[in-house]
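Q: These protein sequences, in sequence, are chains A and B. First residue of the first sequence? That's 11 in this note's numbering, and the numbers climb one at a time after it. First residue of the second sequence? That's 11 in this note's numbering, and the numbers climb one at a time after it.
In case anyone wonders, no lab produced these hints; they're calculated from the structure. Remember, it's a predicted structure, so these values are computed and weren't measured experimentally. You may find that some hints are simply not true.
Remember, identical chains collapse to one label, so a pair may be satisfied in a single copy or spanning two.
Derived lysine to any residue pairs resembling SDA-like cross-links, with alpha carbons at most 25 Å apart [unchecked claim]:
(1) K124 with L13
(2) K268 with R337
(3) K198 with E128
(4) K124 with R12
(5) K198 with E63
(6) K124 with A113
(7) K124 with D47
(8) K68 with K327
(9) K124 with I159
(10) K124 with F324
(11) K124 with R23
(12) K326 with E128
(13) K198 with M11
(14) K268 with G51
(15) K68 with E143
2 protein chains.
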Amino acid sequence: MRLNEREMVSLIRRKLGSVSSLGTTIIGPGDDAAAIDIGSGMALVLSTDTIVENVHFKSDWVSAYLLGYKSFLAAVSDIYAMGARPNTSLCSLGLPTSRTTRAFIDELFDGLVKAGAELGVETVGGNISRSRELFISTSVTGFANADTIAQRSGAKVGDSIYVTGRLGGAAVATHCLLNGRFCESDIKDAHHVLFARCASEEMGLEHPIATRLLKELFMPTLRAQESLALSEQNFCTSMIDISDGIGSDLQAICDESKVGASIDVTALPLFEGAEVLEMPGESGLLNPLIQGGEDFELLFTVNRGDESRLRDFFHKKGFCEITRIGRITGAVEGMRFVDASGSGVSGIDGFDHFAEIGEDLGV
Amino acid sequence: MRLNEREMVSLIRRKLGSVSSLGTTIIGPGDDAAAIDIGSGMALVLSTDTIVENVHFKSDWVSAYLLGYKSFLAAVSDIYAMGARPNTSLCSLGLPTSRTTRAFIDELFDGLVKAGAELGVETVGGNISRSRELFISTSVTGFANADTIAQRSGAKVGDSIYVTGRLGGAAVATHCLLNGRFCESDIKDAHHVLFARCASEEMGLEHPIATRLLKELFMPTLRAQESLALSEQNFCTSMIDISDGIGSDLQAICDESKVGASIDVTALPLFEGAEVLEMPGESGLLNPLIQGGEDFELLFTVNRGDESRLRDFFHKKGFCEITRIGRITGAVEGMRFVDASGSGVSGIDGFDHFAEIGEDLGV
Numbered sequence: 011m012r013l014n015e016r017e018m019v020s021l022i023r024r025k026l027g028s029v030s031s032l033g034t035t036i037i038g039p040g041d042d043a044a045a046i047d048i049g050s051g052m053a054l055v056l057s058t059d060t061i062v063e064n065v066h067f068k069s070d071w072v073s074a075y076l077l078g079y080k081s082f083l084a085a086v087s088d089i090y091a092m093g094a095r096p097n098t099s100l101c102s103l104g105l106p107t108s109r110t111t112r113a114f115i116d117e118l119f120d121g122l123v124k125a126g127a128e129l130g131v132e133t134v135g136g137n138i139s140r141s142r143e144l145f146i147s148t149s150v151t152g153f154a155n156a157d158t159i160a161q162r163s164g165a166k167v168g169d170s171i172y173v174t175g176r177l178g179g180a181a182v183a184t185h186c187l188l189n190g191r192f193c194e195s196d197i198k199d200a201h202h203v204l205f206a207r208c209a210s211e212e213m214g215l216e217h218p219i220a221t222r223l224l225k226e227l228f229m230p231t232l233r234a235q236e237s238l239a240l241s242e243q244n245f246c247t248s249m250i251d252i253s254d255g256i257g258s259d260l261q262a263i264c265d266e267s268k269v270g271a272s273i274d275v276t277a278l279p280l281f282e283g284a285e286v287l288e289m290p291g292e293s294g295l296l297n298p299l300i301q302g303g304e305d306f307e308l309l310f311t312v313n314r315g316d317e318s319r320l321r322d323f324f325h326k327k328g329f330c331e332i333t334r335i336g337r338i339t340g341a342v343e344g345m346r347f348v349d350a351s352g353s354g355v356s357g358i359d360g361f362d363h364f365a366e367i368g369e370d371l372g373v
Numbered sequence: 011m012r013l014n015e016r017e018m019v020s021l022i023r024r025k026l027g028s029v030s031s032l033g034t035t036i037i038g039p040g041d042d043a044a045a046i047d048i049g050s051g052m053a054l055v056l057s058t059d060t061i062v063e064n065v066h067f068k069s070d071w072v073s074a075y076l077l078g079y080k081s082f083l084a085a086v087s088d089i090y091a092m093g094a095r096p097n098t099s100l101c102s103l104g105l106p107t108s109r110t111t112r113a114f115i116d117e118l119f120d121g122l123v124k125a126g127a128e129l130g131v132e133t134v135g136g137n138i139s140r141s142r143e144l145f146i147s148t149s150v151t152g153f154a155n156a157d158t159i160a161q162r163s164g165a166k167v168g169d170s171i172y173v174t175g176r177l178g179g180a181a182v183a184t185h186c187l188l189n190g191r192f193c194e195s196d197i198k199d200a201h202h203v204l205f206a207r208c209a210s211e212e213m214g215l216e217h218p219i220a221t222r223l224l225k226e227l228f229m230p231t232l233r234a235q236e237s238l239a240l241s242e243q244n245f246c247t248s249m250i251d252i253s254d255g256i257g258s259d260l261q262a263i264c265d266e267s268k269v270g271a272s273i274d275v276t277a278l279p280l281f282e283g284a285e286v287l288e289m290p291g292e293s294g295l296l297n298p299l300i301q302g303g304e305d306f307e308l309l310f311t312v313n314r315g316d317e318s319r320l321r322d323f324f325h326k327k328g329f330c331e332i333t334r335i336g337r338i339t340g341a342v343e344g345m346r347f348v349d350a351s352g353s354g355v356s357g358i359d360g361f362d363h364f365a366e367i368g369e370d371l372g373v
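Taking the hints into account, I'd like the entire structure generated from these sequences.
A: Written as structure tokens, this is what we have:
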């Protein structure tokens, strides 16, 4: 019997549940990261993320530098999603013999070390194996106050649902790459600019759309300060990073919190430039916006009574934009996508992404 | 320019070294595991290990159950090699679509959870990706007293070199599997017996050689209590687990400690049953004994003045056998293999295992 994604996760979690009495685990399988009590009110937070060639990326899309950079970011994002401060990482590399060149390893680790330096995370060890396809498995640890860790399970009926930043840029970039919508020189230019950004040259709006979209895919901005504030200031009742897409990630919050959700699709903040992708049908860009992840924005829920305090705090601190996109409902209502008038929107589907580029699944 | 194993590790360690000022790292890349100061004299110890199909195992050799069990053990072994107590793990799985069956995942996690329960280590999270070849990347954390962590770098000229248990069983088992020396029913019987062992039926000497060898390969005994005693009682000046083979692992101690070593090959304790493999030439079983790893015994160095205290302690506690196999020499002497009379032994070669079954390399 072949299992789909949800059935696999459910089976594995049941299995792992059977040893949970052994340790001093605060949070086990089922969240962005696990958390272990280490005394003095502090928790060790830990998570792992893997990218696989031809599943999460194609090697002609991305330089070794950006691969190292992006794989590192994606793994650290899960630690921020708990409202924790990341500190160390381990890198386990599966390397085809053809990639054992000095240039490849040099570039890959330049990207990885650069991302680590920007985020204050040190790679303290790792492992290399030969493999037929390239994969990078990154485990990250961090620390948090045990009583302010943000979990997926805390959303309450009536809470508002928020996202940071803008969505869909990475999904549209992936779509354009998959469908040959970027020409080779666009990709080359983008990599050149992104590499230059690392030499502290900031990238502005004047750059071509292709570059802005590819930056969103390969060098997304993690919401570090924002995530820490959301947890430490007790703003959020639940939080997750949008790595799999709002549809899938909000479903995870609903599952863990045993609630439903209503999303106003007209409120979803679209990445500037995403409209370059013209999608047929009534739902247009909604599917890439809702199913596409990889922007690594935060999705979180807030008690209505805390909303003005939240907005004031973010404004005062000069944090990124946040947008209210819906509200938490009762579990029986499930997850619904509605327009501004509250009517259901059709043509939005599919969360089982164990069959396409971008599949990946936290246990 | 294509790099060999040592060149890759050296390049990566130079790269990673450049951010080492960021954290509170006690031990960075280059040991069995890294260690981070977490206050109160305690260190968080962390390590990662990956097994890849057709590199570390072939799927017709091993059941999903033993795969889960062995991959878990191999990862935890690195934590014991630091003299630390393992507590949690993360499992990152690369899964071909053909393996997404309930039976496969069920068995794999049964093995993994069984190993975890035996060792007191809880799997607190993980990740699944699709991949063409199966891989399992396991990250493990543990705790140790910051001032008694056993490192590779502490060996001093004149120290005695010891190993726990007996060596070569796993290497001979691998050799027999690779060369069709076990018939299918031997392998089936062995898996049956090993599975039964998990239901608390202890395996004795009366079992056929094939079963004993395959147990050594797939369910080796980790030296948990012994490793903790070696570090906490300050017996060892350096320690490593024998995962790559004595040749490679002792070389790592020599490199990190900036010393040489002289090994008396006649003192090497051969696994009972390993002699079933008749090897041609003067060196006979020496190459599998020295190059083959996977027994997960401990290799450690001891100040001569501490040897009798060490032997008494191990005897009193009923710990496993330990054998003195040589001594640490000056760096200029390099690593030498000698016979009981001190004459060099020829015909022993090769540590760059990035080209054969069993390749794997800690950073």
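Q: Is it within a copy, between copies, both, or neither that the alpha carbon of K124 lies no farther than 25 Å from that of R12?
A: between (41 Å within a copy, 24 Å between copies)
Q: Cα distance capped at 25 Å. Does K124 pair with A113 within a copy, between copies, both, or neither?
A: For K124 and A113, only the intra-copy Cα distance (16 Å) is at most 25 Å; the inter-copy one is 42 Å.
Q: Evaluate K198 and E128 at a C-alpha cut-off of 25 Å and name the case that applies: within, between, both or neither.
A: within (24 Å within a copy, 52 Å between copies)
Q: If the cutoff is 25 Å on CA atoms, where do K198 and M11 land: within, between, both or neither? Let me know, please.
A: between (44 Å within a copy, 23 Å between copies)
Q: Classify it for me, K268 with R337: is the Cα-Cα distance of at most 25 Å met within a copy, between copies, both or neither?
A: For K268 and R337, the Cα distance is within 25 Å only inside one copy (14 Å; across copies 62 Å).
Q: Checking K124 and F324: alpha-carbon separation at most 25 Å within a copy, between copies, both or neither?
A: neither (27 Å within a copy, 47 Å between copies)
Q: 25 Å Cα cut-off: does K326 pair with E128 within a copy, between copies, both or neither?
A: For K326 and E128, only the intra-copy Cα distance (24 Å) is at most 25 Å; the inter-copy one is 52 Å.
Q: For the identical chains here, do K124 and R23 meet the 25 Å Cα criterion within one copy, between copies, both, or neither?
A: between (35 Å within a copy, 15 Å between copies)
Q: Can you tell me if K198 and E63 fall within 25 Å by alpha carbon in one copy, between copies, both or neither?
A: within (19 Å within a copy, 35 Å between copies)
Q: State whether the alpha carbon distance between K124 and L13 is at most 25 Å within one copy, between copies, both, or neither.
A: between (39 Å within a copy, 23 Å between copies)
Q: Have a look at K124 and D47 and pick one of within, between, both or neither, based on CA distance no larger than 25 Å.
A: Answer is between; shortest inter-copy Cα gap is 23 Å, intra-copy 30 Å.
Q: My question is about K68 and E143: at a cut-off of 25 Å on alpha-carbon distance, are they close within one copy, between copies, both, or neither?
A: both (11 Å within a copy, 17 Å between copies)
Figure legend: structure checked against the earlier numbered hints; hints not met, in rising order: 8, 9, 10 and 14.
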